[in-house]
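Enquirer: Protein chains in written order, with our numbering: chain A, 1 to 96; chain B, 1 to 603.
Treat each hint with caution, since some may be false.
Stretch-level coverage of chain B by chain A, calculated; a stretch enters the list once three of its residues show a Cβ under 8 Å from a Cβ in chain A [to be verified]:
1. 235–246
2. 334–342
3. 556–562
Here are the in silico distance ranges between beta carbons for each label pair [what the hints assert, rightly or not]:
4. B:D230 to A:L34: 52 to 60 Å
5. B:L172 to A:N67: 58 to 66 Å
6. B:W536 to A:I52: 54 to 62 Å
7. B:P188 to A:D74: 57 to 65 Å
Since the hints were derived computationally from the structure, they do not count as laboratory data.
These numbers come from a predicted model, not from an experiment.
Glycine included, every Cβ here is placed at the ideal spot set by N, Cα and C.
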Amino acid sequence: MSDRIFDRETMLDLSVNFIPLGILLFFVLLFLVLAPFPGDPLIVLVQMSLVIIPGIALLMLTYYSGNAIEGSRDDEQAEPGYSEADAEVARSAGEE
Amino acid sequence: MAALVGAVFLAALGFVARVNGWWGRLPFVDRTRVATDGGHAHEPGSGLAHKPSGITRWLTTVDHKDIGILYGMYGVIAFLWGGVSVMIMRFELFTAAETYISPEMYNALLTSHGITMLFLFGTPIIAAFSNYFVPLLIDADDMAFPRINAIAFWLLPPAALLIWAGFFTIPLDIAISPAQTSWTMYTPLSVEQSNPGVDLMLLGLHLTGVSATMGAINFIATIFTERGDDVTWANLDIFSWTILTQSGLILFAFPLLGSALIMLLLDRNFATTFFAVEGGGPILWQHLFWFFGHPEVYILVLPMMGLVSWILPKFAGRKLFGFKFVVYSTLAIGVLSFGVWAHHMFGSGMDPRIRASFMATSLAIAIPSAVKTFNWITTLWNGKVRLTAPMLFCIGFVANFVIGGITGVFLASVPVNLILHETYYVVGHFHYIVMGMIAFAGFGAIYYWFPIVTGRMYNRKLAKGHFWLSMIGVNITFFAMLLAGYFGMPRRYATYSDFNPELAPLTEITFLHQVMTAGAVIIAVGTILWLLNVVWSWKKGGKVTDPDPWNTKEYGLHGREFAWFEQQLAATDGGETESESAVATDGGADGESVATDGGSEQA
Ligand code: HEM
Ligand SMILES: [Cu+2]
Chain A
1 MSDRIFDRET
11 MLDLSVNFIP
21 LGILLFFVLL
31 FLVLAPFPGD
41 PLIVLVQMSL
51 VIIPGIALLM
61 LTYYSGNAIE
71 GSRDDEQAEP
81 GYSEADAEVA
91 RSAGEE
Chain B
1 MAALVGAVFL
11 AALGFVARVN
21 GWWGRLPFVD
31 RTRVATDGGH
41 AHEPGSGLAH
51 KPSGITRWLT
61 TVDHKDIGIL
71 YGMYGVIAFL
81 WGGVSVMIMR
91 FELFTAAETY
101 ISPEMYNALL
111 TSHGITMLFL
121 FGTPIIAAFS
131 NYFVPLLIDA
141 DDMAFPRINA
151 IAFWLLPPAA
161 LLIWAGFFTI
171 PLDIAISPAQ
181 TSWTMYTPLS
191 VEQSNPGVDL
201 MLLGLHLTGV
211 SATMGAINFI
221 ATIFTERGDD
231 VTWANLDIFS
241 WTILTQSGLI
251 LFAFPLLGSA
261 LIMLLLDRNF
271 ATTFFAVEGG
281 GPILWQHLFW
291 FFGHPEVYIL
301 VLPMMGLVSW
311 ILPKFAGRKL
321 FGFKFVVYST
331 LAIGVLSFGV
341 WAHHMFGSGM
351 DPRIRASFMA
361 TSLAIAIPSA
371 VKTFNWITTL
381 WNGKVRLTAP
391 MLFCIGFVAN
401 FVIGGITGVF
411 LASVPVNLIL
421 HETYYVVGHF
431 HYIVMGMIAF
441 AGFGAIYYWF
451 PIVTGRMYNR
461 KLAKGHFWLS
471 MIGVNITFFA
481 MLLAGYFGMP
491 RRYATYSDFN
501 PELAPLTEIT
511 FLHQVMTAGA
521 VIIAVGTILW
531 LLNVVWSWKK
541 GGKVTDPDPW
551 NTKEYGLHGR
561 EFAWFEQQLA
571 ATDGGETESE
581 SAVATDGGAD
591 GESVATDGGS
601 EQA
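Construct all of the structure, not just a fragment, from the sequences and the given hints.
Expert: Laid out in structure tokens, this is it:
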């Protein structure tokens, strides 16, 4: 996920999900360095998958939702969930 | 019993087949964008015009708003059932020894309380709000599949009857008693209890799962395909985002529960060995159950976080701070919640390396939860806070989440968990969340949307009394539980008189239990105030003629649902909306603006 795909502002929005990703990465590295138990490849595989698979899933969902949200961004449109009506407009319009 | 369960399976199959046929034969309704399953398509704004009256209307309705109200009624009835059962338990626990009810009855009430609150109150009360308001918020004419929407609801009443069946059969004396499995239904106990009441409960639970899954598919389809032209992913409101995420979680979690329940039924009735020691083993149940169970807690809390994210800014006079943070962190929670399930099983003898992995993911999931808390607090910062009843419940929600969430993070740490697991600390942790957040957000949303749903205003004095009693009661009851957990009081016990005093000092624990009971009484009084208020105001409350009862236009925070409400008012009462002065308040307190709900503005 490079800066070219998303602009700076979007990266800032997405950063909220990089923190849990960072924590997951930290634990993967920790488990690689600190392995006080006798090695058992199967268990280590399970151990790593349990952290890495959710991480990949999170990365993918963040990427696709980021794309969907940024792809449909339009500065003209109403705020999320709000009608066009605001303080100045007495008669609000729920329809377009 | 085996034959009976088999017959129920066959009947269910037959029913599904019939429903399919019936569904296919329906005439397709004109407007394809609505009514994709032939459901009744209604013109926006002409809502009530061509509906049958009386009870027939409620039995045949496919209007998302009516179904929302039905879900709401259902959720409230379940809340009362769950509340009464827990009050009986709390009175029993006032003294250490067995006093009013037998331990068997205690276990039955405990099971019923947990299952009722999670499956019959929690999920349906969320469906009440989402059915009524998601279509309005995304400018859809109705749900994508209005008939499926109705079927999903109508599966629930039989589900409740099955789940509660064991209690109804007590007076009949036919050897069917209420299940005593607790909501987690751990094997081998749940296989060994030969009581047919357990089978009935499992079948009922299965129905709730089918219902929730149908609802979830409907919401996913609705939010993806029925959005108005000017509603995009970029400006989809936060409540619909949380409902979309919740529906995704339901789609993956509930079918798994359904399969596990069927395996359990087979083990009980047809001598299969899925969870027997010589077969899959009892731990298999725990893995399957919690792979559903942890997402389930987020199924319940995410939409409530969405409600608070939607309502709280209205009374803070500012837009939600960091809207996109809240959206992305909601999605993050959705994904990660499938990777943490075994933090409920740290004590079950798993390999320590695998435990460590679950600790890692559980700590990671705490971040998006905390992010939301900071967003709410930042929204309040320097805002024009108006302490209306819905706002009080939102603020109480945030406060309770601080305690509920942090205690959760402690529990996620393996060494701490091994000490506190199966104590009242855990019970305190999740009640801060399920009562202090889920129920609170529900109450807040009911007050906030009361004008839209009923056309009337509630009594604000009672509403504030309700809030303060609930807030004080929750913090007394559940904080005492955290302390009792530190003192070593194990959970799920009807008596505590013969524990080893070295491990659990009787005086302190008895005192804490009495505090908990007192707190629960305070909550109960508050809840009665709420019930009276809602019932009375629905019939007799002042009519709301102002389309902007919360004065949100002033802040540019007028939501689509209230814009819709304005159209409704204009359509039904002609020009009456013009007269701003005729604003109905809750008790005719003239001159006081309804919007502030008596709350003082603070700069
Ligand atoms: C901040 C994130 C959270 C973390 C890290 C967390 C962690 C935990 C842990 C480790 C346990 C197991 C305790 C034990 O049995 O020893 C637990 C129990 C529980 N949590 Fe949480 N939790 C969090 C948020 C939530 C939320 C949001 C909900 C509800 C919506 C919730 C509901 C529950 C329930 C119902 C149980 C008890 C289940 C049972 O054994 O009956 N938790 N939590
Ligand atoms: Cu959990």
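Enquirer: Lying within 52 to 60 Å: is that true of the beta-carbon distance D230 (chain B) to L34 (chain A)?
Expert: With a Cβ separation near 53 Å, D230 (chain B) and L34 (chain A) satisfy 52 to 60 Å, so the hint holds.
Enquirer: Taking 57 to 65 Å as the stated bounds, is the beta-carbon spacing between P188 (chain B) and D74 (chain A) within them?
Expert: holds (58 Å)
Enquirer: Closer than 8 Å Cβ to Cβ for three or more residues is the test here. Does the region 235–246 of chain B pass it with chain A?
Expert: With 6 residues close enough to chain A, the hint holds.
Enquirer: For the region 334–342 of chain B, does the count of residues with a C-beta closer than 8 Å to a C-beta of chain A reach 3?
Expert: holds (count 5)
Enquirer: Please check whether L172 (chain B) and N67 (chain A) have a Cβ separation lying inside 58 to 66 Å.
Expert: holds (59 Å)
Enquirer: State, for the Cβ atoms of W536 (chain B) and I52 (chain A), whether the hinted interval 54 to 62 Å holds or is violated.
Expert: holds (56 Å)
Enquirer: Are there three or more residues in the region 556–562 of chain B whose C-beta lies within less than 8 Å of some C-beta in chain A?
Expert: holds (count 6)
Of the numbered hints given earlier, the model fails none.
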